[in-house]
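Peer 1: Numbering-wise (our numbering), the sequence shown opens with residue 4 and increments by one.
I should point out that these hints are in silico values taken from the structure, not numbers from a laboratory. Every residue, glycine too, gets a C-beta built ideally from N, C-alpha and C. Keep in mind that a hint or two might mislead.
Unchecked claim - Heads up, simulated BS3-like pairs for lysine-lysine below, C-alpha to C-alpha not over 27 Å straight-line:
| # | residue 1 | residue 2 |
| --- | --- | --- |
| 1 | Lys229 | Lys197 |
| 2 | Lys153 | Lys320 |
| 3 | Lys184 | Lys81 |
| 4 | Lys153 | Lys45 |
| 5 | Lys128 | Lys320 |
| 6 | Lys70 | Lys81 |
| 7 | Lys45 | Lys102 |
| 8 | Lys70 | Lys153 |
| 9 | Lys70 | Lys197 |
| 10 | Lys320 | Lys102 |
| 11 | Lys197 | Lys184 |
| 12 | Lys102 | Lys81 |
| 13 | Lys153 | Lys102 |
| 14 | Lys70 | Lys229 |
| 15 | Lys153 | Lys128 |
| 16 | Lys229 | Lys184 |
What the hints assert, rightly or not - Restraint ranges, calculated between C-beta atoms of paired labels, are given here:
| # | residue 1 | residue 2 | range |
| --- | --- | --- | --- |
| 17 | Arg77 | Cys47 | 40 to 46 Å |
| 18 | Glu161 | Asp321 | 18 to 24 Å |
| 19 | His80 | Ala250 | 21 to 27 Å |
| 20 | Thr166 | Glu127 | 21 to 27 Å |
| 21 | Asn274 | Gln57 | 24 to 30 Å |
| 22 | Thr42 | Gly285 | 33 to 39 Å |
| 23 | Leu204 | Arg247 | 16 to 22 Å |
| 24 | Ser126 | Glu157 | 26 to 32 Å |
| 25 | Gln57 | Thr163 | 17 to 23 Å |
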Amino acid sequence: MKLFEGPIDSVQGKLILLLSLFYFLTTEVFAKDLTQQITTIKDCEHCPLMVIIQPGSFLMGSSSTVKGSREDERPVHKVDINYYFAAGQFEVTRLEFQKFIEATDHDMSGGCYGATEQGIQLSEKSDWFNPGYPVSDHHPVVCVSWNDAKAYAEWLSEDTGFTYRLFSESEWEYIARAGTKTIRFWGDAEEGCKFANGADLDITPEAFLEEMQARQTKIVLPENWKVANCHDGFATSAPVGSFRPNAYGIYDILGNVAEWVEDCWNNSYINAPTDGSSRLYGDCDRPILRGASYYDMPIYLRSSNHYGFESDQSENKDTRYINFGFRVMREVESD
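My request is simple: use the sequences and hints to build the entire structure.
Peer 2: This is how it looks when you write it as structure tokens:
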């Protein structure tokens with residue numbers, strides 16, 4: 004196949020040859036660099052696939068100029084993570100969680116909250132295996148509480164001899180940003196249907212609106228409510244890895260299901276840890292969720308967005324929702 008017409012020593016020929024050579028070289032270098040950056044480990048057959056994350060620094064939080072940001076995301080502050088750790092490449096799947104249930108007989112009774120015509124209600128029929136919408140073994144597990152997620156991590160630690168746990172907020176935001184300074188890891192644009200499963204043209208606006216109104220404390224709906232102007236192909240959760248990863252090789256870090264993290268809720272980042280550790284003081288009855296979910300509006304699919312679970316519930320850490328899941332991290336010993 005001819006790339007151009009004319010002799011190689013023509014101006015056109017030399018220019019196209021140089022451009023072609025540059026394209027192939029830069030593409031190959033980028034692919035090699037990306038491969039070198041992403042190292043995965045899997046400690047056992049039923050263990051989650053983990054990505055080794057290198058030390059680094061980043062700016063955590065959001066400025067007031069970012070659409071949808073709140074005061075609890077401020078002040079923006081530098082966090083130094085001076086240690087390696089491993090991050091779940093995917094959200095914990097139903098199959099992975101099933102191995103935990105079979106091994107421990109962990110009590111998952113009590114039902115799961117979800118959206119109904121009457122608002123958010125507890126359904127005794129919904130659970131981690133059947134949340135009320137179609138899922139497979141490769142979907143992220145949902146209808147798991149903060150305490151369920153903690154129990155899974157503790158079991159995995161005992162089973163493997165390595166320390167698995169929930170992320171601190173800063174560790175989570177570090178891998179969510181993946182070296183970027185933009186609102187989302189794909190840029191500032193709300194339309195990210197190739198990268199994340201959020202509220203878009205594939206979800207019914209009326210049903211989503213009812214869900215958000217029923218939550219009351221989570222958001223105040225803007226006057227011009229809208230979904231992302233694109234199609235991601237899913238109205239509910241998607242099998243893990245259905246969308247493009249970020250630069251760290253992490254999938255579904257925004258959207259799909261909201262993810263529990265370790266920290267206690269605080270109304271700002273004043274005096275927050277700057278070393279990657281969890282903030283274990285404040286309102287510790289309000290566990291924190293990160294990443295938003297498949298029916299959260301685009302303004303909530305942001306790297307800095309976090310949500311402290313409703314403060315008026317006394318059993319927050321045992322509450323389960325059809326769009327709440329988690330991913331785990333593993334500590335890595337330094338040489």
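Peer 1: Next step is simple, just say for each hint if it's right about the structure.
Peer 2: Comparing the hints with the structure gives:
1. Lys229 with Lys197: 18 Å, holds
2. Lys153 with Lys320: Distance of about 10 Å is within 27 Å: holds.
3. Lys184 with Lys81: Since the Cα atoms of Lys184 and Lys81 sit roughly 12 Å apart, the hinted pair holds (cutoff 27 Å).
4. Lys153 with Lys45: It holds: about 19 Å lies between the C-alpha atoms, which stays within 27 Å.
5. Lys128 with Lys320: 20 Å, holds
6. Lys70 with Lys81: 21 Å, holds
7. Lys45 with Lys102: Given that 27 Å is the threshold and the Cα spacing comes to 15 Å, the pair holds.
8. Lys70 with Lys153: 33 Å, violated
9. Lys70 with Lys197: 21 Å, holds
10. Lys320 with Lys102: 22 Å, holds
11. Lys197 with Lys184: 19 Å, holds
12. Lys102 with Lys81: 39 Å, violated
13. Lys153 with Lys102: 15 Å, holds
14. Lys70 with Lys229: 13 Å, holds
15. Lys153 with Lys128: This hinted pair holds, its Cα atoms lying about 23 Å apart.
16. Lys229 with Lys184: Measuring from Cα to Cα gives roughly 25 Å; hence the hint holds.
17. Arg77 with Cys47: 40 to 46 Å: Hint holds: Cβ distance 41 Å, inside 40 to 46 Å.
18. Glu161 with Asp321: 18 to 24 Å: With Cβ atoms ~22 Å apart, the hint holds.
19. His80 with Ala250: 21 to 27 Å: Since His80 and Ala250 have Cβ atoms about 22 Å apart, the given range 21 to 27 Å holds.
20. Thr166 with Glu127: 21 to 27 Å: Cβ of Thr166 to Cβ of Glu127: about 35 Å, so the range 21 to 27 Å is violated.
21. Asn274 with Gln57: 24 to 30 Å: 27 Å, holds
22. Thr42 with Gly285: 33 to 39 Å: 35 Å, holds
23. Leu204 with Arg247: 16 to 22 Å: Given a distance of about 19 Å, which is inside 16 to 22 Å, the answer is holds.
24. Ser126 with Glu157: 26 to 32 Å: Holds - the Cβ-Cβ distance for Ser126 and Glu157, about 27 Å, lies within 26 to 32 Å.
25. Gln57 with Thr163: 17 to 23 Å: Between Gln57 and Thr163, where Cβ atoms are some 22 Å apart, the hint holds.
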